[in-house]
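K.L.:
Now for the letters of each chain:
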Amino acid sequence: MPRLLMEGVRVLDLTMAYAGPIGTRVWADMGAEVIKVESEQRIDMPTRVLMFPDNEPGEDPWNRGGYFHRLNVNKYGITLNLNNPRGVEILKKLVKISDVVAENFSPRTMQNFGLDYEVLKGIKPDIIMVSMSGFGNTGPERDYVAYVPVMEAAGLTSITGFPDMMPMATGTGYGDWLLGMSGAAAVLAALYYRRRTGKGQHIDVSGREAVITHIGEAVMDYTMNSRVWGRIGNRHPSMAPHGCYHCKDKEEQVTIAVSNDDEWKALCKAMGDPPWTREERFSTALGRWQNQDELDGLIEEWTSKHHHYEAMHILQQAGVPAGAVLNSKGVLLDPHLLERRFFPVIEHHPDVGKRPQPMQMPAKFSESWGGPLKPAPRVGEHNEFILGQLLGMSKKEIASLEKDKVIGTSPSVRIAWGKMPLDLLAETGAFIVDRNYLEELSSAYGERIGRAVEEEKHQEGS
Amino acid sequence: MEEQALSGLKVLDLTHFIAGPYCTKLMADLGAEVIKVERPGQGDGARALGPFLGDEPHPEKSGFFLYLNTNKKSITLNLKSQTGVRLLKELARDADVVVENFEPRVMPSLGLSYEELKRINPRLVMTSISNFGQTGPYRDYKATDLTLMALGGPMAITGDEDRPLKPGGSQAEYMAGLLGFSATMIALLWLEETGLGQHVDLSIMECVSGNLEGATTEYPYLGISRRRLMQRFTYGHPMGLYPCKDGYVIIIPGLGKMESMAMLLGDPSLVEHELFKSSRLRQQRAKEFDELFLLPYLREHTRREVFEQAQELRMPFGYVMGIDELLEDAHLQARGFFVKVEHPMMGEVTYPGPPFRMEETPWKAARAPLMGEDNEEIYCQRLGYTKEDLVKLRERGII
Chain H
1 MPRLLMEGVR
11 VLDLTMAYAG
21 PIGTRVWADM
31 GAEVIKVESE
41 QRIDMPTRVL
51 MFPDNEPGED
61 PWNRGGYFHR
71 LNVNKYGITL
81 NLNNPRGVEI
91 LKKLVKISDV
101 VAENFSPRTM
111 QNFGLDYEVL
121 KGIKPDIIMV
131 SMSGFGNTGP
141 ERDYVAYVPV
151 MEAAGLTSIT
161 GFPDMMPMAT
171 GTGYGDWLLG
181 MSGAAAVLAA
191 LYYRRRTGKG
201 QHIDVSGREA
211 VITHIGEAVM
221 DYTMNSRVWG
231 RIGNRHPSMA
241 PHGCYHCKDK
251 EEQVTIAVSN
261 DDEWKALCKA
271 MGDPPWTREE
281 RFSTALGRWQ
291 NQDELDGLIE
301 EWTSKHHHYE
311 AMHILQQAGV
321 PAGAVLNSKG
331 VLLDPHLLER
341 RFFPVIEHHP
351 DVGKRPQPMQ
361 MPAKFSESWG
371 GPLKPAPRVG
381 EHNEFILGQL
391 LGMSKKEIAS
401 LEKDKVIGTS
411 PSVRIAWGKM
421 PLDLLAETGA
431 FIVDRNYLEE
441 LSSAYGERIG
451 RAVEEEKHQE
461 GS
Chain Z
1 MEEQALSGLK
11 VLDLTHFIAG
21 PYCTKLMADL
31 GAEVIKVERP
41 GQGDGARALG
51 PFLGDEPHPE
61 KSGFFLYLNT
71 NKKSITLNLK
81 SQTGVRLLKE
91 LARDADVVVE
101 NFEPRVMPSL
111 GLSYEELKRI
121 NPRLVMTSIS
131 NFGQTGPYRD
141 YKATDLTLMA
151 LGGPMAITGD
161 EDRPLKPGGS
171 QAEYMAGLLG
181 FSATMIALLW
191 LEETGLGQHV
201 DLSIMECVSG
211 NLEGATTEYP
221 YLGISRRRLM
231 QRFTYGHPMG
241 LYPCKDGYVI
251 IIPGLGKMES
261 MAMLLGDPSL
271 VEHELFKSSR
281 LRQQRAKEFD
291 ELFLLPYLRE
301 HTRREVFEQA
311 QELRMPFGYV
321 MGIDELLEDA
331 HLQARGFFVK
341 VEHPMMGEVT
351 YPGPPFRMEE
361 TPWKAARAPL
371 MGEDNEEIYC
381 QRLGYTKEDL
391 VKLRERGII
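Top to bottom, those sequences are chains H and Z.
The numbering used here applies: residue 1 is where the first sequence begins, and numbers increase by one.
The numbering used here applies: residue 1 is where the second sequence begins, and numbers increase by one.
Keep in mind the hints are simulated off the structure, nothing from the lab.
Take these hints with a grain of salt, some might be off.
Reference excerpt, derived from the structure (chain H facing chain Z, CB under 10 Å, subset only) [to be verified]: (1) L4; (2) M6; (3) F113; (4) R142; (5) P167; (6) T213; (7) H246; (8) D249; (9) Q316; (10) K329; (11) L332; (12) H336; (13) G370.
Pairwise CB distance ranges, derived in the manner of DEER restraints [said to hold, decoys possible]: (14) H/G230 to Z/E288: 28 to 36 Å; (15) Z/E116 to H/V433: 47 to 55 Å; (16) H/P372 to Z/G8: 34 to 42 Å.
Glycine is no exception: its CB is placed at the ideal position from the N, C-alpha and C atoms.
Let's have the full structure, built from the sequences with the hints guiding it.
P.N.:
Next comes the structure, spelled out in structure tokens:
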């Protein structure tokens, strides 16, 4: 078996919530040894208690949150109370044998723990430390707290939305994703540099700045031409038609983007050459762009006779860029993603069962991989392994740490957790609820998805 | 010269438009030598994409192209000619990395498949970024940022009730550029350990689908698929964007922070109100909550006031900034984020700065190349052709 892509890289992962963990998952996916550090006093909230398997919180809800699983696949998990000097001592021992320390606290927190970069560097001179935050490690607003939408609000939100409405945040937590992915990228560059020079370093990532780097052309239009971009919905500055159209089923839409005359002719032909396509006003790219309100209505007459995939395949066969709007179920069951195994099925602990989760680094490498994906860790699951095997501590020492609440597996935090109010979600129209999801997934993935207990229930019922 | 993170790394860049060039821009800004190979005549298609300086289309004045190609060298080469392919192979022999974002059938049809290049240079890392990847039923389908945002999943959960919405700009492309950079670095780290190169296949659709936050977990765990109302109803109310006196603010009380909300609204006793006590009632009667409590307060306060008062109470509020306001932002200025770049045909223009700060190894901003600007350096000084050879190649339309 070939060496795993990131085999031999050890990461001490102090990150919590979404941005940090999704970044460190990139390395975990690739075979790095990522050790996630929580504490009984502070587990990774709220992700640990969101999205229970089949809406069952069970006896230990903190081990069952699907959202946590999604973000922490393939990581080791330990607990260390960093407010206890013995906890900090152990953390420092781990720093000594690690390559990377990742954190996404607000900038002063690491200092408060006595664990800022200078200290870590004293322990391990070539350590790479990455700090991920909304505003960055310096500047007048560095101590402000920021979640996703605040990062996106650095320019992206102002250009996202329909012209007739207020701006919109993405529904996907894009700002956090971008912060985490930028941190992941930076560390890879730092590892490469260290491999050649032996030098580590500190990396400062600001989510707001990362967002601005992804709207570079809008910034340039302002700095070159003093033009401030507004919101154009799904439209394009020069292409038309370029939009999202309703289909036969009211839950379905298809997008179409025509970039030249050839694609326009192909679109007309695929729709059966209705007479309006020959109208003078639609004969040039500029004419189509100027008359796109009417054009969109006419195209929708055609799309509304078809299902989204059907319209997409007809148009693609004709050479027109088109894509069905897929929701989460659609993406999980999409034939293309299934064939490329984008969602590996991960065998979690028995009370969760097998569930597909996306790859966080989707690239396929011809000569190696990151190895089979292990489930996300339970609270403190690898305390004995990491402290015993890696630090060589005795069983007695470990037991004493447990007794003194420096480590442990029973979180002391108590916040309300319970079932997702599926009835309320269906009532408000926020979600489409599908009762047969385990069957649908099992048939698409060719193996039994879900908990073993589900099967028992089925047998009882039948 | 000060050492940068990727100093000494040689990248042969066959990319065009957005995703590929952004990937190699990240490398070039960190010190890699990136040789951009452009089609003679038109060059990279991004040279024809606006915004242009003064709105005048010109291949050297596209702000989009200039942003995506900082710090690179440019040569022209016609890959549809046998001589062009031969020259490219000469360049590939000496490269560490080749990045390309053609449709999957193109590189093999030019005789430049990974297998072919590996024969010349077994240590080569080749990264291919494409809409749907090198395999699978949609492999040869066409796509744009819009259709990828649809198929990948974000549009189903962004927008209003009736209308799925694509995020502004070209986010699918940028996402793939960023992950293409990381994937290439992973292959380079592996090369350092094993001495072996490899081919990296990155699908933009998959980059997009990996960005669905919890949505792709909700279905396999709960059987639910989000609709676009999600921001208002999933994880409690209030949460989302709201109008205020001078624009829009982002309201996120955080979990269990209704006490702080009451303090922000200027009346701590509100916590006794049933709509403050029950999150379920708040979700059911969201509109009533907004009209009773939130909107009257917001109407009276500016973005900055709401932001600062909420942050004081440790609530992670924010506010929507226009592109113009970013350039004036005191925090970004204090961090020296934006940079000025000089260009012979553009003068001095301000660009966005680095996506991350590596404190030991500097990030640099230097202008994008003119089309074919480095032909002489690369073909004559590197490959040893004479100036007369260059004239002949030019006459034959190869460079």
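K.L.:
Which numbered hints does this structure break?
P.N.:
3 and 8
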